[in-house]
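Enquirer: Whole structure, please, built from the sequences with the hints as guidance.
Chains F and P, in that order, are what the protein sequence lines are. Residue 262 is where the first sequence starts when you use the numbering used here, and the numbers rise one by one after that. Residue 2 is where the second sequence starts when you use the numbering used here, and the numbers rise one by one after that.
Incorrect hints may have been included.
[Claimed, not checked] Among the chain P residues that face chain F by a calculated CB cut under 8 Å, a handful are:
| # | residue |
| --- | --- |
| 1 | 212 |
| 2 | 457 |
| 3 | 493 |
Don't read these hints as lab results, they were simulated from the structure. The C-beta atom is built at its ideal place from N, Cα and C for all residues, glycine as well.
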Amino acid sequence: MKRYFLRRFLYTFPTLFGVSLVLFFIFNGIGGDPAYQLAGKNASLEQIENLRQQLGTHQSLLHQYKDFLWQTVTLDWGQSWYFKENINSMLLKGLGPSLALTVPSFFFTLLLALSVALSFSYFRSEKSHSLLTWFCLSLMSVSFLTFIIVFQYLFAFKWGLFPINGWSQDFPFVLSFLLLPWFISIIVSVGPDILIYRTLFQEEINKDYVKTAQAKGLLTTQILYKHILKNSMLPILSLLLSRIPQLLLGSLLLESFFGIPGLGGIMIQALQNADFPMVKAITMMSSLVYILLNLLADLLFLLFDPRVELK
Amino acid sequence: MIQKLFLFFLLFMNLCCTSQKAKVDDTVVLFLDANIPHLDPIHSTNKYSSTVISNIFEGLYHYHYLKRPITLEPSLAEGEPQISPDGKTYTIQLKKGVFFQDDPAFPNGKGRELKAEDFIYSWRRLADPMNKAMGWWVLDGLIVGLNEWRNDLRAGKANYQTPIKGLSAPHSHTLVIQLTRPSFQFLHFLAMPVTMVVAQEVVEKYGQEIANHPIGTGPYRLEHWDRNSEVRLIKNKNFREVFYPSEGSAEDEKRGLLSHKGQRLPLSEKITVKVITERQPLWLSFLKGQVDHGVVPTDNFDQVFENNQLKKEFVDKGIRVLEQYRPDVTMIAFNMEHPLLGKNKKLRLAFAHALNSDLILEKFYNRRGIVAQGPLPPLLDGYDPDYKNNLDFNLEKARQLLKEAGYPDGKDLPVFDFELSNNATWSRQMGELLKDLWGQVGIQIRLVINTWPQFDQKLKNKQATLFEMAWSADYPDSENFLQLFYSKNVSPGSNNSNFINRDYDQLYEKALQLPPSPERTLLYKKMVDFINNEVPTLFLVHRIYRLPYHSWLENYNEHPIIYDFYRYLKVNTQIKEKNWSQL
Chain F
262 MKRYFLRRFL YTFPTLFGVS LVLFFIFNGI GGDPAYQLAG KNASLEQIEN LRQQLGTHQS
322 LLHQYKDFLW QTVTLDWGQS WYFKENINSM LLKGLGPSLA LTVPSFFFTL LLALSVALSF
382 SYFRSEKSHS LLTWFCLSLM SVSFLTFIIV FQYLFAFKWG LFPINGWSQD FPFVLSFLLL
442 PWFISIIVSV GPDILIYRTL FQEEINKDYV KTAQAKGLLT TQILYKHILK NSMLPILSLL
502 LSRIPQLLLG SLLLESFFGI PGLGGIMIQA LQNADFPMVK AITMMSSLVY ILLNLLADLL
562 FLLFDPRVEL K
Chain P
2 MIQKLFLFFL LFMNLCCTSQ KAKVDDTVVL FLDANIPHLD PIHSTNKYSS TVISNIFEGL
62 YHYHYLKRPI TLEPSLAEGE PQISPDGKTY TIQLKKGVFF QDDPAFPNGK GRELKAEDFI
122 YSWRRLADPM NKAMGWWVLD GLIVGLNEWR NDLRAGKANY QTPIKGLSAP HSHTLVIQLT
182 RPSFQFLHFL AMPVTMVVAQ EVVEKYGQEI ANHPIGTGPY RLEHWDRNSE VRLIKNKNFR
242 EVFYPSEGSA EDEKRGLLSH KGQRLPLSEK ITVKVITERQ PLWLSFLKGQ VDHGVVPTDN
302 FDQVFENNQL KKEFVDKGIR VLEQYRPDVT MIAFNMEHPL LGKNKKLRLA FAHALNSDLI
362 LEKFYNRRGI VAQGPLPPLL DGYDPDYKNN LDFNLEKARQ LLKEAGYPDG KDLPVFDFEL
422 SNNATWSRQM GELLKDLWGQ VGIQIRLVIN TWPQFDQKLK NKQATLFEMA WSADYPDSEN
482 FLQLFYSKNV SPGSNNSNFI NRDYDQLYEK ALQLPPSPER TLLYKKMVDF INNEVPTLFL
542 VHRIYRLPYH SWLENYNEHP IIYDFYRYLK VNTQIKEKNW SQL
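Expert: This is the structure in structure tokens:
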């Protein structure tokens, strides 16, 4: 097993290398010349050339790429071209609000979707299934933006239950700014999740061991949580782990409508202003997290299913 | 368990509702509709950084809050500069008893007194190539020896102690500046955020993080900054005695803008600036009284205004509207280096006569603006409200010109790429309208959607053929608009239409030599005529600000060039308490 993990860990490097290569060429291909952006509106050719020298963009692409790789290895991204601030410190500051926005709603959604899907799968009736499908599809057919606009108008403006917009460093006061974005995030994500989980649970419920457990007289809760849920966990885990990198980046729409100072807004501004060091840092860090989580997923597979063998 | 959950839910709801019952206090709550990238004066070329910076830092001069046309007055300077007869040497006395805000960077944490050397240091920072200052263009080539020092610094042959011939401080409060040429715009440059003064100790203490540690001499200091969310400013206790202006027009008097005349500034202890980038939350926050001023979203315009007047229901809630011309112009530019468009004036004229600016004003600006007849916006020297160019919307004329240009009904005319600066719906719809308008006479365009960096690169590389653009005044002098057509400013400079004309250059250079005078005004008008005759650019609209605000916000008179207006604002808590219940 150790060898397996060592090998998987070593795979991280070529994957990151591939990501860096794609990112580098996309940015250099369509990102525009950052010297033009940074030189301001009345710059001369000489100033632009000088700026290129300072940014290092006058050097060959190979040389620039080598510098980029070195930054990735050392995790030292330097100063943002646009924000004029140390990138690592900005990422650390933005990570908190992003995670505060995404992590609780992620777990609430998970809990809600699992409970609903499990209950409806076990206590099945055609009517309830149609109702659930209809409900989930309704949620899925409304766009994220519509939910934000309507809920912000109704819950925050019309009924005054939540603040319209804002952020606070004080706990628990900050919760008042997060409740509505969490609620919207849950409403948007829960529909598809319920449908996926329900399908997975239904497959399990039809298996013989469930009938045996029922015949043995096991409690419904035991059957649900000890057997069905555990045996369905593998695909659920892969799905959940693949979503974690998105949690780090927050949600651009929610952040901009609710004034949450997370990483989503920083990323968009960096892209709009050709701030290559910031884009590199965020992309490479998310890729790294994604790869490591995949590794973690393999480990968790072992825990949940003893039949899995790692070769 | 369910009971506990219910109690927990109630606690949460109580928390939420408590936050809604914001206390009626005297904090002024303003907004910015885009994020503030940094708070370092040398990079402050955008409105958002400039606004906050100008209330923390100060320059030698600033603009009078009420006088129109906009008028310069001393800020950190003691009075008017002494200017040598050749117009090249400025001697400026600094006010005494001006202190930087307290900060650990200073001995014992107490802000020290401002000296003339601080300005020299600040402008060295602006010139230092390592700082990559976006505002360098302001002093580029203007001060004797500064460009040479910049080059030497880059080559490692100079440092911050190396003297610069054109910048000296013979006494602690006397600054002498030698210019390479007379410049009647120079005093405006000294009012711009990029030339505001910083303290060397602070820059050295915070190093790369200086953009987050603004320490100036201004009326406010930074208390807290959540990037992309909120800036909180508190009164600078070291701020010297400065008073609310006592001069203003009868209209100002009527609007109550002189009710605090002679009172010490700043009028408010605290300012909160919320960063709200989306129109809906901004509008809803305004209607709830959570921000003191706002913007009416284009989609809500008809709900708020009737016959261009604020509807009664809003007036009854104590909402008022500030209406002001923006010193700007929106344009469509031709790249004059394009082999066809640059050489065929009749073709450009055909474009001009097929353009319905009035329709654009109606469809895209809710008639909040006026159709531009040239580059100069209202209130600037040389703008004549009665002036009409000869480029009226006339499809027959456009067809005739197209025929005379050698392309009857657009036959054999290539399809031109029209470059859009972004992917916003607004921009694309504007492109579609232009496509239809020009298509009526046989001119075909293809819309090319760009990201801003791509668009900027195309302009600066002279790769764009036909493109949209807008220009807002950096300073209130028509020269700032007329330089857009000066041959020495061709791309990557600001002359993005790459218009080169020796006669125009001569007029421009002559105007530069003149102080504000009827002679210069006449030259400005001639230049406008010249541009309209050569049509390197088609002018669309001068926009009008229509900013709603709550009547409890006193002295609100926001202007796109005057950034340091926070000091004049005050919340009338009695009115706020009264109006609050109606919101």
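Enquirer: Take the hints in turn and mark each one as holding or not.
Expert: Here is what the structure says about each hint:
{"no.": "1", "hint": "212", "verdict": "4 Å, holds"}
{"no.": "2", "hint": "457", "verdict": "5 Å, holds"}
{"no.": "3", "hint": "493", "verdict": "6 Å, holds"}
Checked against the numbered hints given earlier, the structure satisfies every one of them.
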